[in-house]
Amino acid sequence: MKRALPINRHHSERIGFTVITLMAVATVLPIVAVVLFILIQGAPAISLEFLTGFPHDGMRAGGILPAIIGTIYLTVGTAIFSVPLGIAAAVYLSEYASDTPLTRTIRIAIINLAGIPSVVYGLFGLGLFVLFLNFGTSILAASLTLSIMTLPVIISTAEESLRSVPQAFRTVSISLGATRWQTIRRIVLKEALPGILTGVILGLERAAGETAPILFTGAAFFLPRLPHSPFDATMALPYHLFVISTQVPEMPIQIQYGTALVLLAFVLTMNLIATVIRSRARAKRQW
Amino acid sequence: MNRFVLLAITILMLVFLTSCGTASSATEAASGSSATYIENKGSDTIVNLALAWAEKYQAEHPEVRISVTGGGSGTGIASLINGTVDIANASRKIKDEEIAEAKANGVDPVEHIIARDAIAVIVNPENPVRQLTLRQISDIYSGKISNWSEVGGEDRPIVRLSRETNSGTHVYFLETVLRLGNKEDKTLFSMDTLLLPSSEGIVAEVRQNPNAIGYDGLGYVPKDLKMIAIAEEENGAYVLPSIPTVNDKTYAIARDLYMYTDGEPTGTVKEYLDWILSEEAQQIVADLGFVPVTPDSSS
Amino acid sequence: MEKSLSWHEFVITRLIKASGYSAIIFVALIFFFLVREGIPTFAEVNLSSLFSIRWYPIEEYYGILPLITGSLVVTIGAALVAVPFGIGTAVYISEIAPRWMREILKPLVELLGGLPSVVLGFLGFLVLAPFLRSFLNLPTGLTALTGSLLLGGIAVPTVVSVAEDALDAVPRAYREGAWALGATRWQTIWRVTFPAARSGVLTAVMLGVGRAIGETMTVMMVTGNAPVLALKLGSLFSPVRTMTATIAAEMGEVASGSTHYHVLFFIGMVLFLISLGVNIAASSVVFRAKKRAERILS
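Protein chains in written order, with the working numbering: chain A, 1 to 287; chain B, 1001 to 1299; chain C, 2001 to 2298.
Treat each hint with caution, since some may be false.
Stated by the list, open to error - Simulated restraints, written as ranges between beta carbons of each label pair:
#1 C:N2137 to A:D57: 36 to 42 Å
#2 A:S229 to C:R2036: 25 to 31 Å
#3 A:F231 to C:F2135: 34 to 40 Å
#4 A:G62 to C:V2011: 48 to 54 Å
#5 A:F231 to B:G1152: 43 to 49 Å
#6 C:E2044 to B:T1084: 21 to 27 Å
#7 C:E2044 to B:E1154: 45 to 51 Å
#8 C:L2015 to A:T100: 18 to 24 Å
It is worth saying that the hints were derived from the structure and are not from the lab. Cβ coordinates follow ideal geometry from the N, Cα and C atoms, glycine included.
Chain A extracted, bound-state conformation (with noise of 0.2 Å):
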């Protein structure tokens, strides 16, 4: 039997709690930190010209919408080629795959491509996209080796909301005589939709937010106009960030906090819109 301590478990617990306490006050406190002085330091940039407007004068003036609707173009891209994809695997996985050794296989690969870094991905799209099948730097380019890039986000994230649909709900569609296409289509996409556009949301929010992929795939330093087709190059906002803040001399510093602001209003949106989806949907939720 122990003789009591000078300093009880209740005062390590006390010591403890407060200790772990201010590791997540320290995690936190920089996150708010950031996004306050970029907001506080770029404001002053912000301005319906600069949302609306091209650059001038060596980029050192004007505006910044190439870049912002280049950005929105390769989100969109993005999309267009993760989402089915990404969602398809996802119900492949949770409503077709049995527990078999290929099934493990998939779900290693799933993880593996979540873990590769974001250059190697710009490497293997300029390797293939750019030079072996030739679409050059392009939107196609870029937007295809951001959604390789995003599929793993999109996967994991859908299928666990697939997952958490009650089996009952299939069940009682099958015993009603629907087919199984029928039953995920009406019934178990319907309910797993929130989590599956969350996931979306957030894995096209990294994308959006990604410099490296983009660097030898699709990115430019200046345009002169907005692009015209999917083949052509485009101006983005974490590139245009990149280049404004390292290669332009004179730079007004507020231009460079402007474009972070934008950059980061951009994704803090996207960010916004998921997590109101996911509480709208949990609170809504009949299970």
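For chain A, the structure is supplied; the task is to place chains B and C on it using the hints.
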């Protein structure tokens, strides 16, 4: 849920329509026919100059569209070899291996000198050191000299800043300063030299770090940074870089800036290159801090 | 009507099955491309030079050791930041925080994971590096440490979310049993809950580390990119060059098919294999733990 999706799709459609609208109206206002497109890529040293030229030229010739990208001299030349650009910008001469590679790909690189550049060696404004010989700079960058006190400054470690290896500026500095122009010399940058991905990175670090020494094209050095006066020989005169000292060759580290094309240029590309050598375009060169090529000095 | 319905269903089912296999196809494709362009390295660069200590590709020095050590130093530093703060925050969210706090913290941490790396690199270059230089009296603020701090921040959300899931998954019965025996909540957390979630937490750490190794833009902007062999403790406070930054910085310049091109793909291959290794290790840990848990609970 459906309402959100509908809203999102509507917004996206609006974005597409407005962007297509602005783009097509720009070209439509210019001319009835489709625009000619010139792809210009390469040296980060030249990129801002190329951008200024592109903007000026397009303002006067709205039927021509020029896209400008950086990435380094190596990048531009590689793209010329791969056939993906019309004009490659390079702040160094094309290498023999690159010429061979080009020929193997059916590309015949033709050189055009479009401006001159002085490489300024810069230090922090608080650094008391004002002048160095070429040899001293070489020793600093190769690692033989590591403390400012060895060259007449304070007792501080020297932090060496350089451009990345794909930069023509880097290669030029290696050959002309580190190796003092000796082709047989195999001296390399000291291993702890920071390789920053851009000129502006060097400027920013030198500006805030009293230990730093960097080099960059004259066009990238802002007024508030201190440039070192350089003497070619031990007892020679210490010269600061400027347009006159580059043109009369008293400043030791100055170089030509190039644009390479596949074969002799024709059509729109030729017109653009001819314009670049005109007085109007060369004035932009001077405005940006580079050295214009005068008709008698260009080769 | 029935016939067209079942044909329709047949096609859709086939498409879905094909999509399922797509992940494997893509991984194989990526690996194939990396190998295809990276293997010629062995023909063009001899092994002793490949593992030498100088990386200077324009003069044919292809020693990748400084790059590997650079990535290693930054990653270890990032792990030292991400592991304590990540696990600590996960424990806080899962075990200590009141419900309302949890609903605020989880999205906030997720937000951190969404911050684009170029924005963090931008801030690191402008704000963190000069601060560290004057605060720690270093020759320059562009060091492995700066990179580690930022990367730790980027890896924390991954660690937090996976670890928190793992802690959450520990059956309530475990905790209640401990409380019934008189343990404080603190004792319960560290002697019961945490060990039970051990494999999940380990997975979280590995995934966080994997994220750190693979980061590109942030390290390219703040670590100075000097190809120094980073072996001493002091290397943390000096500039380093990571494998990822090397690829990003140099890929644009290489003529496709050149030796430099092949070596860069080779480095990409190495990165791919490292992340593969980390992931397989993490999965096998989870797999073995699941089997153990099944044995215990059945």
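Taking the hints in turn, this is what the structure says about them:
1. C:N2137 to A:D57: 36 to 42 Å: At roughly 39 Å between Cβ atoms, D57 of chain A and N2137 of chain C fall inside 36 to 42 Å, so the hint holds.
2. A:S229 to C:R2036: 25 to 31 Å: 29 Å, holds
3. A:F231 to C:F2135: 34 to 40 Å: Roughly 49 Å apart at Cβ, these two residues miss the hinted range, so it is violated.
4. A:G62 to C:V2011: 48 to 54 Å: 51 Å, holds
5. A:F231 to B:G1152: 43 to 49 Å: With Cβ atoms ~57 Å apart, the hint is violated.
6. C:E2044 to B:T1084: 21 to 27 Å: The hint (21 to 27 Å, Cβ to Cβ) holds, given that E2044 of chain C and T1084 of chain B are roughly 24 Å apart.
7. C:E2044 to B:E1154: 45 to 51 Å: At 47 Å between Cβs, range holds.
8. C:L2015 to A:T100: 18 to 24 Å: 20 Å, holds
When held up to the earlier numbered hints, the structure conflicts with 3 and 5 and fits the remainder.
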